[in-house]
Amino acid sequence: MSTEGSPIVREGPILRALQHIGATFLFALQLLAQCGPALARPGLIVRQIYNAGARSLIIIMLSGISTGAVLGLQGDNLLQRFGSENYLGIAAAFGLLKELGPVLTALLFAGRAGTALTSEIGMMRATDQLTAMEMMAVDPLRYVAAPRFLGGLIAMPLLTAVFNAVGLYGAQLIGVEEMGVDRGAFWSEMQSSIALADVRESIVKSLVFGFVASLIAVYEGYYSDGTAEGVGLATTRTVVASSVLTLLLDYVLSAVFL
Amino acid sequence: MTSPEHRAAPEAASDIVVAAEDVHFAIGGRRIFSGLTLRARRGRITAVMGPSGTGKTTLLRLITAQAYPDSGRLTVWGRDVTTLRSREVFAMRTRMGMLFQNGALLTDIDVFENVAFPLREHTSLPEPLIRDIVLTKLHAVGLRGAARLMPAELSGGMARRVALARAIVMDPELLIYDEPFVGLDPIALGVILRLIQKMNEALGLTSIVVSHDVHELETIADDSYLISEGRVVASGTPQELGAGGSPIVQQFMSGSPDGPVPFHYPAPDYAAELLDGAAAPGEGP
Chain A
1 MSTEGSPIVR EGPILRALQH IGATFLFALQ LLAQCGPALA RPGLIVRQIY NAGARSLIII
61 MLSGISTGAV LGLQGDNLLQ RFGSENYLGI AAAFGLLKEL GPVLTALLFA GRAGTALTSE
121 IGMMRATDQL TAMEMMAVDP LRYVAAPRFL GGLIAMPLLT AVFNAVGLYG AQLIGVEEMG
181 VDRGAFWSEM QSSIALADVR ESIVKSLVFG FVASLIAVYE GYYSDGTAEG VGLATTRTVV
241 ASSVLTLLLD YVLSAVFL
Chain B
1001 MTSPEHRAAP EAASDIVVAA EDVHFAIGGR RIFSGLTLRA RRGRITAVMG PSGTGKTTLL
1061 RLITAQAYPD SGRLTVWGRD VTTLRSREVF AMRTRMGMLF QNGALLTDID VFENVAFPLR
1121 EHTSLPEPLI RDIVLTKLHA VGLRGAARLM PAELSGGMAR RVALARAIVM DPELLIYDEP
1181 FVGLDPIALG VILRLIQKMN EALGLTSIVV SHDVHELETI ADDSYLISEG RVVASGTPQE
1241 LGAGGSPIVQ QFMSGSPDGP VPFHYPAPDY AAELLDGAAA PGEGP
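First to last, the protein sequences are chains A and B. All letters in the first sequence, in the order written, are residues 1 to 258 by my numbering. All letters in the second sequence, in the order written, are residues 1001 to 1285 by my numbering.
Just so you know, these hints were derived from the structure itself, not from any lab. Glycine residues also receive a C-beta, built at the ideal position from the N, C-alpha and C atoms. Don't take every hint at face value.
From the derived model, a few chain A residues whose C-beta atoms are all more than 12 Å from chain B [unchecked claim]:
hint : residue
1    : ALA17
2    : PHE25
3    : PHE27
4    : ILE45
5    : VAL138
6    : ASP139
7    : ARG183
8    : GLY184
9    : ALA185
10   : VAL252
Here are the computed lysine to any residue pairs in the SDA-like style, where the Cα-Cα straight-line distance is at most 25 Å [claimed, not checked]:
hint : chain 1 : residue 1 : chain 2 : residue 2
11   : B       : LYS1056   : A       : GLY226
12   : B       : LYS1056   : A       : THR127
13   : B       : LYS1056   : A       : ALA137
14   : B       : LYS1056   : B       : SER1246
Pulled out of the complex, with its shape left as it was, chain B reads as follows (with noise of 0.2 Å):
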C-alpha cells in the first residue's frame, strides 16, 4: 500500500505514455479533479478505480483531449495537451484505441465495415489487404463469423468485442477502455478480461482501464489507482490496495455498503423529517 504522494522507482521519461500532475477540472462549477496525479507506463495495464462519479470517464476525456484540464500538466507521450492543435489531436488519437462502455459502434453498418472504418478513412490500402486485417481483428476477438451481422443483431458482450476490434485495427500503441465489464454476463466478462489481457501482451500495448469492478481488475493490472473526491487516494499492485490502508481504500476494496462513502445521500434528520408531516421531502435546514 502506498501513498497518493508515492512515488515508485526512477523511472525513464520514455517509459511514461500519460502522465497527469497536480489536474484540476471542473464542469459547470462541480470540482472533479482537485489536485489528480498518476502515470500510465508503457506496456503495463494501469487501472483506475473509484466510486461512481468520481470522474473515471473525465479523465480519459482528459487524456484523449476531448476536455482540457483547468490547470495541472496533463502529458501523453511527453507532449502537453493542451497545448496540441486540433491536427495533432486527430494525430495522437490515431495511435490511441478506446472501447466505449456500450461498443459505440455505428449502427448503420455491419460489423465488417465497423472494424474497416478507421482503415478506409486513414489509409488507402487495397482491398484484399483491409478484408484480411479486419478478418485477423475479428478472428482475434473470435468473432470472425459474425462479419456480415449488424450491430443491433449482436449481445452486449459481442459488441464490445467487435468494438476491440476496431479499437486495434490501427495497430494503437495505446488502449483505453471505458467500463469494459458493466453490464456483461460471467462468460463474456471472462472474455473481455482475457483479451485485454492478451492484447496486451501479444500487440505490446500500454492499456488504461477504467472501471470500478475491482475484483476483475486485480487479476489483469500491473497498477491500480484509486480516485475518491477529485485526488487519488491510494495507488499501487491491486494486492497492495487490497492489503488495506484508509477507510475509503478499504471500504471501496470490500465492496461495504456504508463507510466514508455514505449509504445515504444527504438529508435532513430521519425522525425530525417524518415527524414533521407538512415539510415537503427534502426540505430541511
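Next up, chain A with everything else stripped away, as it sits in the complex (with noise of 0.2 Å):
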C-alpha cells in the first residue's frame, strides 16, 4: 500500500513499542478465536504437547533437582541456625511451589521450548509455507498457530508439576539423607502445612505464564522476517520478552494471591 502522501510520523521507542504491544494483543484475539475450531484436530496439539513438553522434560528435570538440592542445602543451612531445620520441607515445598516452580519452569520454556517455535514458524514464513496454506484457503492461524500456542499452554503446567516434584525430590536428598535432618518432619510438615490454594497458585502462575510465553513465540514467528537474520531476531525477542514478561507478572501475581 502507498505510503505517499501520508503524514511523516516520528517512530520513537515508545510508539513502536505501544505497536508492539497493540499488535500482539490483536494476533491474541485472533489465534484465540482460532484455538475452537483447532481443537477438533486433537492430534496437531498432542504433537505439540510432545514437542513443547515431552522434550523438555530432560532439562526440567535436571534444573529441578539441581534447584530442589540448592534449597535442601541453604535452607538446612539457615533453619539450623534457628535450630527449625524440622521445617525444611516446608521451606523447600514454599517456595518450589509458589515461585521457584513456575518461574524457572517458564524461563527454561522460554529458552527450549518457546526458542523452537519461533525459529520454526519463522522458518515456515520464510519458505512461503504459511502463505501456500492460505493459497490453500487454509487459514495459518487455525493450522499452524493454535495448535502450538495450545500445546504450550498446555504444556506449561505440566513441566512444571514436573519440576516441583524433582525439586521436591532433590531437597529431600540432600536436607534428609546428607544434611541428616528426619525424614518423618520433613513430610509431615509440608503435608499439614502446605494448603491446596498454593498448590492452586503455582497452577495458575504456571497458566499464565505458559499463555504468556506460547503467545510471544508464536507471535515472534509469525510475524518474523523471512530472512536468516530475520529469524534469529525473533528468536531472541522471544527469549527476552518471556523471560522479562514472567519475572514481571511473577511479582504481580505473587501480589495478588498474598
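Taking the hints as your guide, dock the two standalone chains into a single complex.
Listed below in C-alpha cells is the structure:
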C-alpha cells in the first residue's frame, strides 16, 4: 500500500513499543478465535504437547533436581541457625510451588520450547509455507499457530508439576540424606502446612506464564522477517520478552495471591 | 508485436479469467505498478515476463488477494478482488492452484500428506478415495513412487513437481506459477515445461506463468506480456515479442547485458570517484 502523501510520523521507541503491544494483543484475539476450531484436530495439539513438553523433560528434571538440592542445602544451613531444620520440607515446598517451580520452568520453557516454536514458524514463513496454506484457503493461524499455542499452554503446567516434584525430591535428597534432617518431620510438616491454595497458585502461575510464553513465541515466529537474520532476531526477542514478562508477572501474581 | 495499448479482437467477457485495468500499486513508498493493464484468457497459458524486481511476483500477490491495488481495477472471474470479503477470498482461492518458486511444501509431513493436505482440509472424502486421488496426481507428475519421502529428501525439481501435484489436487480452474524454472537442471526444467503444457491441455486449465526465462516461455505460452517500470511495455505471442519492438523489449528478449536496463547500478562518475581517494564508496553528487 502506498505511503506517499501520508504524514511523516517519527517513530520513537515508545511508539514502537506501543505498536508492538497493540499488534500482539490483536494477534492474541485472532489466535484465541482459532483455538476452538483447532481443538477439532486433537492430533495436532498432542504433537505440539510432545514437542514443547516431552522434549523439554530432561532439561526440566535436571534443573528441578538442582534447584531442589540447592534449596535443601541452603535451607538447612539457614534453618539450623534457628534450630528449625525440621521445617525444611515446608520451606522447600513453599519456595518451589509458589515461586521457583513456575518461574524457572517458564524461563526454561522460553529458552527451550519458545525458541523452537519461533524458529520453526519463522522458517515456515521464510519458505512460503504459511503463504502456501493461505493460497490453499487454509488459515495458518488455525493450522499452525493455534495448535502450537495450545500445546505450549497445556505443556507448561505439566512441566511445572514435574519440576516441583523433582525439586522436592532433590531437597529431600540433600536435606534428609546428606544433612540429616528427620525424614518424618520433612514430609509431615510439609503435608500439614502446605494448603491446596498453594498448589492452585502454582498451577495458575504456570498457566499464565505458559499463555504469555507461547503467545510471544508464536507471534514472533508468525511475524518474523523471512530471512535468516529475521528469524534469529525473532528468536532472541522471544527469549527476552518471555523472560522479562515472566518475572514482572510473577510479582503481580504473587501480590494478587497474597 | 503489439503496443501496450493493443487490444485483441473482441473477447467474450466470460473468456477473461484475470483482468488488470490501469492498476497502480506501491510498497513502502516504492512504486511497483503505475498503470498495469493485462488479461489472462480461459484455457490459455499467459506468460508474464520482465527483468528481476519489476513486480512479477507482486502481480501474483494482487491476483490472489494477498495484497490490493492502490487504484485501478483487478478482476478475477469477473469479481473485483478489492470488494471480496475474507470468506470470499478463501472461496476464490479454492478455485486456484499456485506453484511457488521453492515449492513451499510443508516440511513436517511427507509427500503423500502434502498432496492430500487440501483434500483433508476442504473435503470429507473417505480415506480410500483420498488415497486414489493423491496417487493419481502424483502419478501425473511422475512421483507416485516418492509418496512416502519427506520434502527434505527431494531434489529441487522433484519438490516443484510435488507442489504441482498439490496445486492441482483440488482440480483448480486457474493455475499460477511463480518462477517455475528457477534453479532447475535442464532435465528437471524440461519436465516442468512439459507438465505445465500437459496440465493446461489435459485439465482445461487457465495458466499464468511468471518468469524471466524467455526461451522456456516461448515454447509454451499462448499470450505474453512484458512488464517494465510498472507497466506492460509489450504484449502478444512470444514470437511477436521476439520479432522486435522498443529497445527494452529487444534487450530483454536477446538478453543483452546493457541497454535501457543498465548494467551498472546508478553510481557517481567512475573516474571522478577513483581520483577522489578521500570520498567513501557511494558518496557523490
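- Query: Hint numbers the structure violates, sorted upward?
  - Reply: Violated hints (numbers, rising): 5, 6; every other hint is consistent with the structure.
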